[in-house]
Amino acid sequence: QKEVEQNSGPLSVPEGAIASLNCTYSDRGSQSFFWYRQYSGKSPELIMSIYSNGDKEDGRFTAQLNKASQYVSLLIRDSQPSDSATYLCAVTLAKNTDKLIFGTGTRLQVFP
Amino acid sequence: GAGVSQSPSNKVTEKGKDVELRCDPISGHTALYWYRQSLGQGLEFLIYFQGNSAPDKSGLPSDRFSAERTGGSVSTLTIQRTQQEDSAVYLCASSPRAGGPLEQYFGPGTRLTVT
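As they're listed, the protein sequences go chains A and B. In terms of the numbering used here, the first sequence opens at residue 1 and continues consecutively. In terms of the numbering used here, the second sequence opens at residue 1 and continues consecutively.
Keep in mind that a hint or two might mislead.
Said to hold, decoys possible - Calculated cross-link-like contacts (lysine-lysine; reagent style BS3-like; alpha-carbon spacing at most 27 Å):
1) A/K42 / B/K11
2) A/K42 / B/K15
3) A/K2 / B/K57
4) A/K42 / A/K2
5) B/K57 / A/K95
The hints are simulated quantities; they were obtained by calculation from the structure and are not laboratory data. These numbers come from a predicted model, not from an experiment.
My request is simple: use the sequences and hints to build the entire structure.
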């Protein structure tokens, strides 16, 4: 079992819709969770961090964390073509909180 | 303020040659990470430096890879006797603090091509 798993996609949504990206992780002791956006040919850009169960909202982005079920999700409201990118989920492990483990990413395509 | 910078942005080298990749982290960040990303793949952790502690080298794929961080700031990743499978984008990231929730900020990367 991979430490962090994401569906590779592509996830295709129409402009204006809600895009829902999901990530599961294997370490029950993980405490810190991050979402990065990576445009093609560019480096990852941090867009959200979440540490507690529940929802965290930032503009059109909402991160959701459920530690009991070991999943973290990212919702993008009013999706725009400019949101088309690969979204990487990253978590810390209980045994080493100084290192991030990245998923392989979900490619999101927002079509006009 | 200035972000993480990396140089060179692109490097083409012949198989068997050594290469050095440089990373200049965000000023004041105590932690520095190196990753490798092959085309269409996820991020592969290589090594990280945490303040004055011994680096975590657990991700280095072979003894041809080494890295150092001088003065707690600039880091150099060295690949000796490069092989074609070393071709990838090498990404550096820095983080503001150690031992707690960390947020990593990435540089633009160095695209290495081994011919």
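> Hey, A/K42 versus B/K15, does the alpha-carbon distance stay inside 27 Å?
Replying inline: Holds, at roughly 26 Å.
> Taken at face value, is the distance from the CA of A/K95 to the CA of B/K57 at most 27 Å?
Replying inline: holds, 16 Å
> Taking only the CA atoms, is the gap from A/K2 to B/K57 under or equal to 27 Å?
Replying inline: holds, 21 Å
>> So if I understand the rule, the pair passes when the alpha-carbon distance is 27 Å or less; does A/K42 with A/K2 pass?
In response: holds, 25 Å
> For the pair supplied as a hint, A/K42 and B/K11, is the alpha-carbon distance within the 27 Å limit?
Replying inline: Between A/K42 and B/K11 the Cα gap is close to 16 Å, so the pair holds against 27 Å.
Checked against the numbered hints listed earlier, the structure breaks none of them; every hint is satisfied.
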